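Following the hints, position chain B against chain A.
So the protein sequences, as listed, match chains A and B. All residue numbers in the first sequence are consecutive under the working numbering, ending with 305. All residue numbers in the second sequence are consecutive under the working numbering, ending with 262.
You can trust all of the hints, since none of them are fake.
Going by beta-carbon spacing under 8 angstroms, a handful of chain B positions derived as facing chain A:
#1 L9
#2 A13
#3 V17
#4 F19
#5 L20
#6 Y21
#7 A84
#8 Y91
#9 P106
#10 I116
#11 L136
#12 I143
#13 T197
#14 M240
#15 L248
In short, the hints are calculated from the structure, not lab data. All values derive from a computational prediction rather than experimental measurement. Cβ coordinates follow ideal geometry from the N, Cα and C atoms, glycine included.
The primary structure of each chain is shown beneath.
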Amino acid sequence: MTVAAEVPSASASVRSNARPLLQSEAARGLALISPTLAYALVLLLVPIIVVIAYSFWTQNYLTIDRSFTLENYRVALTEPIYRDLLMRSLGISLVVSVATVLFAYPIAYYISFHGGRHKNLWLFLITIPFWSSYLLRVMSWKVILGYNGVLNSGLMGLGIIDEPSTALLYNSTAVVITLTHAWAVFAILPIYVSLEKVDRTLIEAAKDLGDGPVRSFLRVTLPLSMPGVISALLIVMIPTVGDFVTPRLVGGKDGVMIANAIQAQFGKAANWPLGAALSVTTMVVVTAMAAACVLLLRGAMRLGR
Amino acid sequence: MKALARKWLPAYAGLYVIFLYLPILLLPIFSVNASPIPQFPLTGITTKWYRDLPKTPALIDAAWNSLIVGVAAAVLSTVLGICAARAVTRYRFPGRRPIQGLIMAPLVLPEIIIAISMLLILLSLGLSLSLFTVVLGHVLICIPYSITVLVSGFEGFDRSLEEASADLGETAFGTFRRVTLPMVAPAIISSLLVSFTISLDEFIMAFFLAGTETTLPIYIWGQLRFAAKLPGVLALGTLMLAASILMLTFAEAASARRTPHR
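The shape of chain A in the complex, shown without the other chains (with noise of 0.2 angstroms):
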């Protein structure tokens, strides 16, 4: 580089020097990157195309059949049972993550806001019970919300009822109670990200120029949290779906969802493109809704502006 420099017909050799370099730049990321791409093309990528192709095949006893049809999702969505579970399960998805991100904005708040010098503490305290065992986590709900269970001797304790409520477990309330607390981590962090990256100085401008502490919140850390907001949104909405531990566990018979049918089409049932097909409708509805949630709230926001 230096030797080209001095020759007087530098600036062509310089210029032709320039794109070897760079494609050396992008060669040395690419080469570096491959390993763990290949990794995620070999067990994520061809994998979902699989189970995509698996979706238009039939099974027969222990044989695939591989020509096309559409009958597998003629049977996912149409037969009452799936139809009924698809919708269920798309339900408690948005009824959780919309209550978990509710629930988890004023903290993300408290600790962003309120948080001083205790920020990182507030954030490893919050994260904490998210490592424990989320089977055992699972089970404790069952203990807290069961017929003898915690909430129920508590309350007679209290003499809130009489007798224990058995509106509480296996059920889909108590499928939402658990999962909004299994997930609340997830809604939490992204949130609170979004309000740091706030500018002070506008929430100040918009109460020196005459804002209440309610409008600059709703026309200022509201609407620049939203990216936060999403996130979570989404990020608790799309794995909620399929979700099997905690029907199983909590959710009795009303509360079984889209993955305990999945689980059975790979497991006792045993018809792997029906479950294919299970599987794929599953996602593409589910991002049908948070496309939908996302575009809705984008939407709100420009009209409250």
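Chain B in isolation, oriented as in the chain A frame:
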């Protein structure tokens, strides 16, 4: 709003923390309860359930399996995480965003979808399910967490130190070993600990990919069907919880060392 924030927010924060910790605190409480039925008031304090744990061969097997899987998954996902984190913080290259998107996708995909896709491809390839396939699955879901931890570690340091080392005649490998590695070591340690913790507690991937092998969460899942086994499960859960908290405290301390006195 101001009065609201002053008065009610701290109270709400307190209640929320109770809500978060309630299920966690019940584990140790009922694990020392003399009665096998998890119910207040406690009937007496006992360490019986803990003493019974080492006498269960199936549990010891599962614990060893979890340890092996956890260590393998932590090392592999951290190595793959280092490649990716280094690439995205150090170089610009075409297709960076879609590549990153694919690698981070397991964070937002339902685990059951990832699990059944891997199951399908492994079985189609004629591979038999074992602890090895569980490791493959765990690595896939640990990589995004490893990358998140590592990227924040790699972004923090001054690149001119590496350039200085190179200018002073150190080879690329020498620079990495003597300059880069010591600076990113805390992030690497935290990545190892976080991935190990995730693998230790992970159930869904293990459930689909373990075949006839058991890991600790699979063992627990099997025990949950029997009400009489509950106290033992709670005792085991308490120990796992203690292990997780210990490791995360170390991870937190390791990353705190990186950013001293903020």
